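If you want the building blocks of each chain, they are given just below.
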Amino acid sequence: MSPRPPLSLEPDVSATRPSRPTLAVSRRPVILAVLIAIIVAACGGGATPRPSVPPDATGSLLPPLTVTAPPSASPSPAFPTSLTDDEGTTVALKAEPRRVVSLTPAETEILFAIGAGPRVVGKVEDIANFPPAAKGVPIVGTFNGVDVEKIVAAGADLVIAGGSGGTPTDAITKLRSLGVPVLVVYASDVKGALHDIELTGSAVGHQAEATALTASMQAGFDQVAQATAGASKPRVFYETGDQPAIYGIADNSVYAQMIGLAGATPITTGSATNWEMSTEKLVAADPQLIILGDSAYGVTADAVAKRPGWADLAAVKARAIKPIDDIVVTRPGPRLVDGLWLLVAAIHPEIVLPSPPAPSPAASGG
Amino acid sequence: MSGDDAVLELAGVSGGYGRRDVVHDVDLRVRAGERLAIVGPNGAGKSTLLRLVTGLLAPTAGEIRVGGTRLASLSRDAIARRIAVVPQLASLPFSARVEEVVALGRLPYEDPLRGPGPADRAIVSAAIDRVGLGRLIGRDARELSLGERQLVLLAVAVAQAAAIVILDEPTVHLDIRHQVEVMDLLADLNERDGRTIIAVLHDLHLAARTLPRIVVLDGGRVVADGPPAEALDADRIRDVFGVDPAVMPEGPWSHAPGAAGAQSPDITSTTGAAR
Amino acid sequence: MATRRDAMAVQAVIGLPLPRRRPTVVAVAGIVGLVVALLAGVGLGSVAVAPGDTIGILAHRLLGLNLAQTWTPQAETIVWDLRLPRVLEAMVVGAGLAVAGTTFQGLLRNPLADPYVLGTASGAALGAAIAVLIPIRIVFLEFGLLQGLAFVGALGSVTVVYRLARVGGGTQMTSLLLTGYAFGSLLAAGLAMAMYLSGAALRQIFAYLLGSFESASWANLGGLLPIVLIASLLVLARARSLNGLLLGEDAAAHLGIDVRRERAILLALASLITAACVAVSGLIGFIGLVIPHVVRLVVGPNARFVLPLSALIGAGLLAVADIFARSVGEIPVGVVTAAIGAPFFLFLLRRTQRGYEL
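Chains as they are written, first to last, in the numbering used here: chain A, 1 to 366; chain B, 367 to 641; chain C, 642 to 999.
No lab work stands behind these hints, which were simulated from the structure alone.
On a predicted model such as this, the values are computed, not experimentally measured, just so you know.
The beta-carbon is built from N, C-alpha and C at its ideal position, and this holds for glycine as well.
Watch out, some of these pointers could steer you wrong.
Residues from chain C shown here face chain B by an in silico Cβ test under 7 Å; the list is partial [to be verified]:
no.	residue
1	R750
2	A860
3	L888
4	L896
5	D899
6	R902
7	P942
8	R945
Label pairs and their calculated CB-CB ranges [claimed, not checked]:
no.	chain 1	residue 1	chain 2	residue 2	range
9	B	R501	C	A833	51 to 61 Å
10	B	G384	A	G270	34 to 44 Å
11	A	Q207	C	A833	29 to 39 Å
12	C	G705	B	I503	53 to 63 Å
13	C	A833	B	E509	42 to 52 Å
14	A	G270	C	T713	25 to 35 Å
Residues from chain C that keep clear of chain A, each with C-beta distances beyond 10 Å, as calculated [stated by the list, open to error]:
no.	residue
15	A681
16	G686
17	V688
18	T718
19	L723
20	G785
21	V793
22	M814
23	L827
24	G863
25	I871
26	A905
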């Protein structure tokens, strides 16, 4: 798959997944991990990446600045600062960014949720188009690529891009070479999603709002954990695609985490990298509930029930096949909590939860 | 014969491909201005001998001298200025005009950076006229008939202005008229320019009729070297070519060796066909 | 063709001049094309920059003129850092591929040869794919791992093919061609495997395969231009050897060309040019195949003319193709060149089917 975070970070070998809600699933046998290990070993034991620091206006390369709290009574200024993005790159921000470009749909949601919406001057095309306030923001990128000219023309002083190939690396390199700070975010689990929200907050000087948002999200997760603590944990198969083969969820993926949080036992493919679910494995696992993450692509409960070999599954016999809004379930943004609510509603309809906690008033200004 | 006027000399030359030698212990002396044919059955080593003579193949034994100088000591350019080779066929991957093909004959003299000069162009023009292809200037060489193409290849050799012209089966694809044309041209090049002509021929009759010296190759060795009457007598035909001379058209082999009626071959053209 | 023959015969008789080869026409057309491409390349883009501003920016940066700055710094960045290096890089790659294509066609004596025929493409693609898959980011002088491995892959595969072909039978060139095909297929299998394993990074690999100038930069140009320029000039200096090969390898040797040495040198130079081009811009097809033929149609097979004129025309054509590709929504430039080149390629095939035995 795409380049994972460099080896200097925690060796979390979680499966990587594009942050946009598509059916693109990675298929990666263990062979690749071995191959890469061999190549890495051959390359001299893991070369550490040289952090690329964008030149400042005078053209010289400044060493990365560190934030030091001045020994004064007034609150320490948040900028200039330097942040480490999810790829381990240290990005220096000389001043608080006023013109932000978001290159992942999740980031667009996050920026608006933490109150930095007015500063977003460019966004990537979003299949879900959320939040509504973002509708007027000019589009500077699509699934096919990013228009660097437009980003430059918009005078961006911060770009937040998607890692793991979400934003083409060429564009990231190009922008950095032009002196535009680019933060690359990539959340492979719930913890990562929360971290990215806080990182975004630090980047735009809205730490307080970001912290409040993550706190409320965490509160929501905790709330759900409490509510489902005593309930039985049904076996749930979450389908992420049906063409050309049946795709489920990989071990340790965001999906698996979310389903676990919602009080269920996720049926995974047995591999951290391969998302294809063999029918045999599925029959052996015998899910009690099937959630159709690919319902947006036209997969219906009837179609599922008719599949050969599926008729004997407990879920099919009980007709426990439910569609769900896949985007909300996994988009690593403020609505992740909403996704959890949707999952709980599907898995434990008997548990009645209050509405998901709204972000704190300070951040809801959009 | 003194050794000094030998324009080409092979002494004890052996050579081949890989480990096996195809040509064994060949001695050959060619004087300037001679015309001779090299004949022999298939696999006798004629082509190999040609490659040895032109330096494409290094001999495993013996020495080859061109104009007194050892072949091995000459650069490819230098060899090309002394020996021109006319192949029987050449394929052109791109279309090229007749004059552009003939201009290739000047390559051994060209300045690598500047290319051909006006003198070269004049020589090319002259070569085309000499060979009688004036009417074909501007034509795509790939569209010509086989006979015309052979003449183009001959013109290349003429433009090359080499003292020795070697032809590798030049008449294989030609009709009788063009065969005669080519042999007439060779005779002309020999008489007017004094060029040495060595032609590998498969057509014994043509060889006997048109060339005064025949070298017969068999199994990589020279088994005969002399006028057609001697080199191609009936015994030789039987031994070397494994054929009863009676089935062949009239030639030096048709009479018993030493018979009073043996005639010297007619080396002029048998038709008065103009070029 | 019968009528053409008759016409020529008539012309020869009446003494009218036959159609001449016109290298100067091609040269002028090429230069005009380059100028047009340059202007369009810096003037057009997804963000509108007034033509006056564009010219002002160029004058300011190139000639140091200090005119009244009517443009924004963003416009200057767009014109100078984004568009100009891109159009220049497209020109250099176009020229390089055309020169390499001419050389390979002459060396292999095959009108259907292109710069990728000896496994260069597969080697570069496999190198790029491996670079995408390796979770290491190395940036050296702004050249990334992908460019480095693509370059190494391209040169490496040509070297292997050359070594392997030595032991083959048949003429050297035939065995080179066949070995290139076989080894290229092997590499392509490796590439297919890498693509299969790549998951989301497949798009990145695919973008490389289709070729693009998206990542063009002054740094790229700084690495690319010297290689392509110097190697092309060295090839031009050996045009005599290329011409000699017209009638065949043996004929070339008989005309005074040291075939083994010249072949090795020309192969190395053409492969170097190709490797440099594919390293920065991916696999762009049809330029190296088609441009030399178009030029030969007008100026004949003399490599002394075909090499520089193909470079000129190739540069202009690829620059225009790239402008077109990014104007209609950033489609890969390889798609545009294929759309132009494929019909011409078919036309070429039909012509060569008439046979070229001399």
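Evaluation of the provided hints:
1. R750: Hint holds; R750(C) Cβ to chain B Cβ min 4 Å, cut 7 Å.
2. A860: violated (33 Å)
3. L888: holds (4 Å)
4. L896: holds (4 Å)
5. D899: holds (5 Å)
6. R902: Status violated, d = 9 Å.
7. P942: At 4 Å from the nearest chain B Cβ, P942(C) passes the 7 Å test, so the hint holds.
8. R945: Since the shortest Cβ distance to chain B is 5 Å, the answer is holds.
9. R501(B) x A833(C): 51 to 61 Å: This hint holds: roughly 57 Å between Cβ atoms.
10. G384(B) x G270(A): 34 to 44 Å: The hinted range 34 to 44 Å is violated for G384(B) and G270(A), with Cβ atoms some 58 Å apart.
11. Q207(A) x A833(C): 29 to 39 Å: Check failed, 47 Å falls outside 29 to 39 Å.
12. G705(C) x I503(B): 53 to 63 Å: Since the Cβ atoms of G705(C) and I503(B) sit about 55 Å apart, the hinted range of 53 to 63 Å holds.
13. A833(C) x E509(B): 42 to 52 Å: holds (44 Å)
14. G270(A) x T713(C): 25 to 35 Å: Distance hint for G270(A), T713(C) is violated at roughly 55 Å.
15. A681: Fine: 15 Å to the nearest Cβ keeps A681(C) off the interface.
16. G686: violated (5 Å)
17. V688: violated (4 Å)
18. T718: violated (5 Å)
19. L723: Check fails; 6 Å does not lie beyond 10 Å.
20. G785: violated (7 Å)
21. V793: For V793(C), whose nearest Cβ neighbour in chain A is about 13 Å away, the distance exceeds 10 Å, so it holds.
22. M814: holds (36 Å)
23. L827: holds (17 Å)
24. G863: Fine: 13 Å to the nearest Cβ keeps G863(C) off the interface.
25. I871: holds (26 Å)
26. A905: At roughly 30 Å from the nearest Cβ of chain A, A905(C) sits farther out than 10 Å, so the non-interface label holds.
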